[in-house]
Amino acid sequence: MTSRTSPSRWWHYKRRFANILMWVVAILATLIAVTPLVLVMYHVTVQALPALNWGFFTQMPKPIGEAGGGMLNAIVGTLILIGLAGLFGLPFGILGGIYLAEFGNNRPANVIRFTADVLASVPSIVVGILVYSLIVAHTKTFSALAGGFALGMMMIPTVTRTTEEIVRMVPVSQREAALSLGASQVTTIFTVVMSAARGGVITGALLAIARVAGETAPLMFTAGTSSFFSVNIKQPIASLPMEIFLRATAPYDVGHAQAWAGAFVLVVLVLILSIAARYATRGRLRIVR
Amino acid sequence: MASVSEPSYSLKRRGLFGANFADRIFRWGTFFFAIAVPILILLLVWILSKGARTSIVTFGGHFLSTSIWDVVHSKFGVLFAIAGTALTSLLALLLAVPVSLGAALFLSELAPRWMRSPLSFLIELLAAVPSIVYGIWGIFILVPVIKHVEVWLQIRFPFIPFFQGETLGFGVITAGVILAIMILPFITSISREVIQAVPRAQREAALALGATQWEALSGPVLRYARSGILGAIILGLGRALGETMAVTMVIGNNNTIPLSLFSLGNTMPSLLANEFAEASDPLQLSALYHVALVLVIITIIINAVARLMIWSVSKGERLEVQE
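As given, the protein sequences belong to chains A and B, one line each in that order.
If you use my numbering, the first sequence corresponds to residues 1 to 289, in order.
If you use my numbering, the second sequence corresponds to residues 1001 to 1323, in order.
FYI, nobody ran anything at the bench for these hints, they're computed from the structure.
All C-beta atoms, glycine included, are put in the ideal place defined by N, C-alpha and C.
Heads up, a few of these hints could be off.
Unchecked claim - Just a sample of chain A residues kept apart from chain B, beta carbon distances all over 10 Å, derived:
1) Ile27
2) Asn53
3) Trp54
4) Gly55
5) Phe57
6) Gln59
7) Ala67
8) Leu72
9) Ile98
10) Ser133
11) Val186
12) Arg198
13) Phe221
14) Phe228
15) Phe229
As the list claims (entries may be wrong) - Which residues of chain A face chain B? A few of them, derived with a C-beta cut under 10 Å, are:
16) Leu21
17) Met22
18) Lys62
19) Glu66
20) Gly69
21) Gly97
22) Phe114
23) Ile125
24) Thr187
25) Thr191
26) Ala280
To be verified - Partial pick of chain A residues on the chain B-facing surface, computed with a CB cut under 8 Å:
27) Ser8
28) Trp11
29) Leu95
30) Thr115
31) Ile156
32) Ser230
33) Leu246
34) Ala248
35) Ala250
36) Pro251
37) Tyr252
38) Ala259
39) Trp260
40) Val267
Full structure from sequences and hints, please.
Next comes the structure, spelled out in structure tokens:
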């Protein structure tokens, strides 16, 4: 038989071993978690290269299956949709966020915060259906206006929460200083608080725009798609995500390469905005909400 | 999500007595914009209920318990989509949760300080990639890989019932893998936050008693963070349930109950994406509103539960304020 001390020593080693094992498992898990990002970036870049040229940004699409052509109309369409979304979503998001930050110590504000979280979690396809019923069912046609409205609606909860956070970060002493000099609340908020919070609020807005720029599902029943160049907001409009979807699911290699190129453009756009947002606010604003 | 104290000046009192007219206008003006959020939610539920009324009256409970999508004879039951949604989401959780928790532990406890925030940021970038990009990556890169894996699994384990059927590469298993990748950053980043919110005294007490780092973590720290981590997982589930584009591109869009992991299937959001624009029959349209209503109610409940659980750990003070 072994000595009396051995069980306790064995137990000691077992604990040390479990500790090291968990270290290794945790490190492996982290590596696995980062892998998909690396793979997606790699594949998007490599597959997009054949179709990424000047013509992709400056030419209209050729008929399906034909070589050449670009996505000019989809790029312009996405910019228009983002603009409309900002027009609808930002006032509600920013002013709502200011309300929550400055006057948000009451029950209605808690309800608003909670419903903002709920709205953020509503599946994007359902947002598309809501806007279809509200707008498209009445105008009888898909339109850029409806698409922008759907995207704007998806921006509201994100912008509300980021604005609230940023505005709250402005030190109370600054508000008190302004108030003690006799400034009214409105003056205090617009001159002192907002001038300190402006950068962060803008960054939050850009982050929200980056997120909706790649949304496809809410556009399917609202903006529709179009093979023409259009800037008319009452007409259907092409967008990058919809074009990627249509080309990726159609059986033509030329289209596939262009779909990858579209995906590349979207990813680069989103990454630049996310990294810029992180840099500008030193990591205060999160991508994950 | 940093918890910052409220501005100390009480605006309510000023609003009643000291404030001037412009202040009051501003307060109510911003309130008008803020109140749009709850109104939108009410509007959403009302519009969907209105659209779904015909279907609810016609099919009643059978809508959720039968599996038939017959446009010609106007007979609809969406058990197949509910099964597909549940199966893909659970598969995603099964794959994502262990990885997320391991990564969250590493990022919050073990990693050297200089490594923590860049690594967390990299994982969070996964959440910023649009779902259409995961979709195209899924179709052209993941599907062929999964197809090989399916063939291999069928040769090695021909007796396991989940591995039966044609090896197409598309189907439930592919959708599950894509969803796992997409919800991973959410679960990781929220769990990390929750673990970091556990008071230092919890782990220091355990370490002082001679516990190893892992013992301090698995005991006091994780027990303290338990409900928050569960909340993070449920939040991830909510994301998986509502995800549309990436799933619809790889699941095969087949309106039958998936009997194997290799089967083609359909989920509720994917069914909506496929059928809503083309629905010509009023009853079919109403059935689709019905699906959307069920989906929204499920996600709202799941999200409410998850948020409450996360708040209970990381923002205890906010819950107390409400009472």
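Status of each hint after checking the structure:
Remark: the non-interface label on Ile27 of chain A conflicts with the geometry, its nearest Cβ contact in chain B lying 6 Å away (cut-off 10 Å). Distance to chain B confirms Asn53 of chain A as a non-interface residue, since its nearest Cβ pair spans about 19 Å, more than 10 Å. No beta-carbon of chain B is positioned within 10 Å of the beta-carbon of Trp54 of chain A; the least distance is around 22 Å. Against chain B, the non-interface label of Gly55 of chain A holds: every CB pair exceeds 10 Å, the least being about 20 Å.
Non-interface call for Phe57 of chain A relative to chain B: holds, since the shortest CB-CB distance, roughly 18 Å, exceeds 10 Å. Listed as outside the interface, Gln59 of chain A is consistent with that label: its C-beta sits roughly 21 Å from the nearest C-beta of chain B, beyond the 10 Å cut-off. Listed as outside the interface, Ala67 of chain A is consistent with that label: its C-beta sits roughly 19 Å from the nearest C-beta of chain B, beyond the 10 Å cut-off. Under the 10 Å C-beta cut-off, the non-interface status given to Leu72 of chain A relative to chain B holds; the minimum distance is some 19 Å.
Not every C-beta of chain B lies more than 10 Å from that of Ile98 of chain A, the closest at about 5 Å, which undercuts listing it as non-interface. Under the 10 Å C-beta cut-off, the non-interface status given to Ser133 of chain A relative to chain B is violated; the minimum distance is some 5 Å. Non-interface call for Val186 of chain A relative to chain B: violated, since the shortest CB-CB distance, roughly 5 Å, does not exceed 10 Å. Chain B leaves Arg198 of chain A outside its interface by the beta-carbon criterion, the shortest separation being 16 Å against a cut-off of 10 Å.
Once the 10 Å rule is applied to beta carbons, Phe221 of chain A is inconsistent with being away from chain B; the minimum gap is 6 Å. Every Cβ of chain B is farther than 10 Å from the Cβ of Phe228 of chain A; the closest lies at roughly 19 Å, confirming the non-interface assignment. Distance check for Phe229 of chain A against chain B: the nearest CB is about 22 Å away, which clears 10 Å, and the non-interface claim stands. Checking Leu21 of chain A against chain B: minimum C-beta separation of about 8 Å stays under 10 Å; hint holds.
Checking Met22 of chain A against chain B: minimum C-beta separation of about 4 Å stays under 10 Å; hint holds. A hinted interface residue such as Lys62 of chain A counts as satisfied when its beta carbon comes closer than 10 Å to some beta carbon of chain B; here the least separation is about 20 Å, so the hint is violated. Given hint, Glu66 of chain A at the interface with chain B, is violated; its Cβ is 20 Å from that chain's nearest Cβ, farther than 10 Å. With 10 Å as the threshold, the beta carbon of Gly69 of chain A stays out of range of chain B, its nearest partner Cβ sitting at about 18 Å, so the hint is violated.
The interface hint given for Gly97 of chain A is met, as the beta carbon of that residue sits about 8 Å from the closest beta carbon of chain B, less than 10 Å. With its C-beta approaching chain B no nearer than about 7 Å, Phe114 of chain A sits inside the 10 Å limit, and its interface hint holds. For Ile125 of chain A, the interface hint holds, the least distance from its beta-carbon to any beta-carbon of chain B being 4 Å, beneath 10 Å. Taking 10 Å as the C-beta contact cut-off toward chain B, the hint placing Thr187 of chain A at the interface holds, the least distance being around 8 Å.
Because the closest C-beta pair between Thr191 of chain A and chain B is about 13 Å apart, greater than 10 Å, the hint is violated. The criterion of a C-beta within 10 Å of any C-beta in chain B is not met by Ala280 of chain A, whose closest approach is roughly 14 Å, and the hint is violated. For the restraint placing Ser8 of chain A at the interface with chain B, the shortest Cβ-Cβ distance is roughly 13 Å, beyond the 8 Å limit, so the hint is violated. The beta carbon of Trp11 of chain A comes no nearer than 12 Å to any beta carbon in chain B, farther than 8 Å, and the hint placing it at the interface is violated.
With a cut of 8 Å, the hint placing Leu95 of chain A at the interface with chain B holds, because the nearest CB-to-CB distance is about 4 Å. Contact between Thr115 of chain A and chain B, as hinted, is supported at the beta carbon level, the nearest pair being about 4 Å apart and thus within 8 Å. Interface restraint check for Ile156 of chain A: the shortest CB-CB distance to chain B comes to about 6 Å, inside 8 Å, so the restraint holds. Interface restraint check for Ser230 of chain A: the shortest CB-CB distance to chain B comes to about 19 Å, outside 8 Å, so the restraint is violated.
Because the beta carbon of Leu246 of chain A sits about 11 Å from the nearest beta carbon in chain B, more than 8 Å, this interface hint is broken. Using the Cβ-Cβ criterion of 8 Å, the hint placing Ala248 of chain A at the interface with chain B is satisfied: the shortest such distance is roughly 5 Å. The closest approach between the C-beta of Ala250 of chain A and any C-beta of chain B is roughly 11 Å, which is over the 8 Å cut-off, so the hint fails. Interface hint at Pro251 of chain A: violated, since its Cβ lies 11 Å from the closest Cβ of chain B, which is beyond the 8 Å cut-off.
The closest approach between the C-beta of Tyr252 of chain A and any C-beta of chain B is roughly 13 Å, which is over the 8 Å cut-off, so the hint fails. Taking 8 Å as the C-beta contact cut-off toward chain B, the hint placing Ala259 of chain A at the interface holds, the least distance being around 6 Å. For Trp260 of chain A, the interface hint holds, the least distance from its beta-carbon to any beta-carbon of chain B being 7 Å, beneath 8 Å. Because the beta carbon of Val267 of chain A sits about 6 Å from the nearest beta carbon in chain B, less than 8 Å, this interface hint is met.
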